[in-house]
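Asks: Dock chain B against chain A, hints included.
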Amino acid sequence: MIFFGCLLVLVLVAQIAELFIPALPWLYNAHVYIVPVIVFYGAMALPFPLMLALAFFAGVLLDALTVQVIGGKVEISAGSSILLYGVLAGIMHGLRPLFARGRWEVHCILSGVFTSLIVLAQYLMITFRRGSLVFTPEIWWQIGGPGLIAMAIAPIFFWGLQWLGQMTAYSYGPAGGRAE
Amino acid sequence: MRHGGQSAITMSRTSLISLLIFGAILGYFLTFGPETTQKFKSGVYGLLAPFLTGGSGIKKQITSVRSGLKSLDQLERENAALQVENRELRATNQGLRNVEHEVNRLRHALNYRERSVFKLVAAEVIARDSSAWWRTVTINRGKRDAVETDMPVVTDVGLVGKTTTVSDTISVVLLISDENCRVAVSIEGSREQGIVSGERVTGGLTPFLDLNFLSKQADLKPGQKVYTSGVGGVFPSGLLIGSVKTFHVRELDGQAQLTPAVDLSHLEDVFVVTGRR
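Protein sequence lines, in the order shown, are assigned to chains A and B. Residue numbers for the first sequence follow this note's numbering, beginning at 1 and rising by one. Residue numbers for the second sequence follow this note's numbering, beginning at 1001 and rising by one.
Some hints could be false.
In silico lysine-lysine, DSS-like type, Cα no more than 25 angstroms apart, as pairs [said to hold, decoys possible]:
| # | chain 1 | residue 1 | chain 2 | residue 2 |
| --- | --- | --- | --- | --- |
| 1 | B | Lys1039 | B | Lys1143 |
| 2 | A | Lys73 | B | Lys1039 |
| 3 | B | Lys1143 | A | Lys73 |
| 4 | B | Lys1119 | B | Lys1143 |
| 5 | B | Lys1216 | B | Lys1245 |
Rather than coming from a laboratory, the hints here were simulated on the basis of the structure.
Isolated chain A (complex conformation) (with noise of 0.2 angstroms):
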């Protein structure tokens, strides 16, 4: 639990993080999302339960911190960031064994596909709701170029988390995970 609550801090602090980190002008202003290599990281690490618990903490930090009330009128529904969570992390826990075998470089590929899939959903949701569905190489830079990023630092953050995991004393097996 000690690596759980380590995890659901880092959540906390890598999003507020995140509203200090300015955007990239030099790759069309796209901007750096740690919190899902983490999430990720964890959906792989836990069991299925607090994996879920995790997705659904970076979920609520996401849907309050960027959904906009406007009008009276909401463009993307309060859980909809949690949904997203815990579908993508249920893809990458059931990819476990494979990172348990030590293959991590699916899962660094993953995070940045993953990361690019939450910020192009958001995208259709608020295109759904403000018409003209439009797609510029701005706009998908907007979606890649998170996923890219997230693509490069995955590798850190992985080794700096099972770094963690260790001095944590947390061991998890192939087939089924246990804390500590």
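Replies: Chain B in isolation, oriented as in the chain A frame:
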């Protein structure tokens, strides 16, 4: 074997129960209406307020250290031949210049507040939007400072946006560069009126604004100033929004692109308009 089988059944049962709980809570969240969502957002922002304010302070310190190092580096390059004392004096000077800049900035803001016809609440931008699809900033003023939802936010230069989510101590400001922030405007030297809104995505550092619903004969010229018209009730009339960059005629109407008067990418101090004097 039986023990192992039982364990597997227990595991899947635990997973199933947790999945059901997850689904139930998710379903509860999905039923939130606008008011409940606003309250939920406001509540979470209230909880995060100390972290956001603290984070803003840390960021300022980091930026200050970074800019300090940059000027030292410049000094090293420019004054390689100078002695150590000289370098120290220049560094001190640089520090004083930073203070002077801050004093000037605050004095400027204070002057604006005193001469303004509006009741203004001074606020500091503590965080920017973390999402790709919304243009918002967070300010360090909330309900305790008489800030409410849908209040205009300005600088001494012009309009910045309006408040959306307001917690006790912090508020979210939707910038005019957001596609959802629509402002009724009039154009200097013209009878034309239109609606300004932001663009969905901006590739460059400076966002541009779209001025829609103009007549085809509007024929706006670059540099013409655009002000709020006061229609709609949220924004008072006469606030500068920006100036015309380009104008083109579409099939049914005319559209102009505006350069915002306020540099929205470098906001530091803003004012919330809480009423008229």
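Asks: Against this structure, judge whether each hint is valid.
Replies: Hints versus structure:
no.	hint	in the structure
1	B/Lys1039 <-> B/Lys1143	holds, 13 angstroms
2	A/Lys73 <-> B/Lys1039	holds, 13 angstroms
3	B/Lys1143 <-> A/Lys73	holds, 21 angstroms
4	B/Lys1119 <-> B/Lys1143	holds, 15 angstroms
5	B/Lys1216 <-> B/Lys1245	holds, 17 angstroms
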